[in-house]
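First residue of the sequence shown? That's 3 in this note's numbering, and the numbers climb one at a time after it.
Simulated from the structure, these hints should not be mistaken for laboratory data.
Cβ coordinates follow ideal geometry from the N, Cα and C atoms, glycine included.
Heads up, a few of these hints could be off.
[Stated by the list, open to error] Heads up, simulated DSSO-like pairs for lysine-lysine below, C-alpha to C-alpha not over 27 Å straight-line: (1) Lys217 x Lys183; (2) Lys291 x Lys258; (3) Lys183 x Lys123; (4) Lys73 x Lys183; (5) Lys217 x Lys267; (6) Lys258 x Lys191; (7) Lys291 x Lys17; (8) Lys296 x Lys55; (9) Lys27 x Lys17; (10) Lys277 x Lys235; (11) Lys277 x Lys217; (12) Lys73 x Lys258; (13) Lys235 x Lys291; (14) Lys277 x Lys258; (15) Lys27 x Lys55; (16) Lys235 x Lys258; (17) Lys123 x Lys191; (18) Lys217 x Lys258; (19) Lys123 x Lys55; (20) Lys291 x Lys21; (21) Lys235 x Lys73; (22) Lys183 x Lys55; (23) Lys17 x Lys55; (24) Lys291 x Lys267; (25) Lys17 x Lys123; (26) Lys277 x Lys73; (27) Lys296 x Lys217; (28) Lys267 x Lys277; (29) Lys291 x Lys277; (30) Lys73 x Lys21; (31) Lys235 x Lys267.
[Claimed, not checked] Computed spacing ranges between beta-carbons, pair by pair: (32) Lys21 x Val45: 25 to 31 Å; (33) Lys123 x Pro240: 40 to 46 Å; (34) Gly14 x Arg104: 20 to 26 Å; (35) Asn53 x Thr268: 20 to 26 Å; (36) Asp266 x Lys21: 30 to 36 Å; (37) Val263 x Pro145: 47 to 53 Å.
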Amino acid sequence: AILSSGDSPATGFPKAAAKRSGLMKAGEELGMELANFTEGVEVTGQGALRNIKFEIARGVMEADGVISLPKLKTHGLERFTGCIKNQFGCIVGMSKGMYHARFPNALDFGRMLAGLNNLIKPRLYVMDGIMAMEGNGPRGGDPRAMNVLLFSTDPVALDATACRLIGLDPVYVPTTVYGSKSGAGTYRKEEIELTGDPFDEFYTPDFNVERTPVKAFKRSALLPFLSNSTTAKPVIIPERCSRCGTCVNSCPVDGKALNWVDGDKTRPPVYDYNKCIRCYCCQEVCPEKAIILKTNAFRQIISRFPR
3 AILSSGDSPA TGFPKAAAKR SGLMKAGEEL GMELANFTEG VEVTGQGALR NIKFEIARGV
63 MEADGVISLP KLKTHGLERF TGCIKNQFGC IVGMSKGMYH ARFPNALDFG RMLAGLNNLI
123 KPRLYVMDGI MAMEGNGPRG GDPRAMNVLL FSTDPVALDA TACRLIGLDP VYVPTTVYGS
183 KSGAGTYRKE EIELTGDPFD EFYTPDFNVE RTPVKAFKRS ALLPFLSNST TAKPVIIPER
243 CSRCGTCVNS CPVDGKALNW VDGDKTRPPV YDYNKCIRCY CCQEVCPEKA IILKTNAFRQ
303 IISRFPR
């Protein structure tokens, strides 16, 4: 059998990302080739996603089987990124922004990811939680040693178990809920059988993760203040910003919700929050950890009440 590996990063090229991360060297030592993640194959969704066309990496489509290797870490839009979210890395390159623009709120995006996962149908999921990421994930967070590896053929059960390890209710994670609704597995604790080392040895209740329900961002034409006050907004920390422009390039909004002021690239870009769809692409790709998600006091108050 020929083994290969690959991933399509949000910015840059797959081979360069594999080299920087050390994955290419590790693969070479095991005799693994780099799969083709630069060319895409158009695939039309099924079921509820039948009208959606995905450009999936040729290396994925040509493989006899896929093993998904997600990282245990936080995510600004979905609260948590795990097994189901990991298949977004099978979408070729910068075309990912198109899906953020089409599915701008966390619930619709989570539903899309669940459908994408069902299209690819990995045979096995192996989650790396040896060194997890907490805080401003999925790229700008802080390493957190959890010393755990999780294996399952059920991506929903694995994601739900990982959420419980960090004290996060799985029903607050859209990909977990829609993954279950799509038939990919179960998140119910009583329906999941755990084997291996005891759960309590890895339970990390002080893990830095947002533990409130995801609320879909909806722009109100009549009450724009409410739209901007009830959903966390991305904010640039000027002293960390290197003015690289990666965040500007990643913004999927037509006309850009984040841009340079009068083309001046000596200062940090500026947001137009009336255009911002809260996809957090900018926060996800920032190489300097210069973008954080800020929730105002009004949202913090209403989040205390039941949905």
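To test your reading of the hints: which numbers does this structure violate? 5, 6, 8, 12, 15, 26, 35, 37
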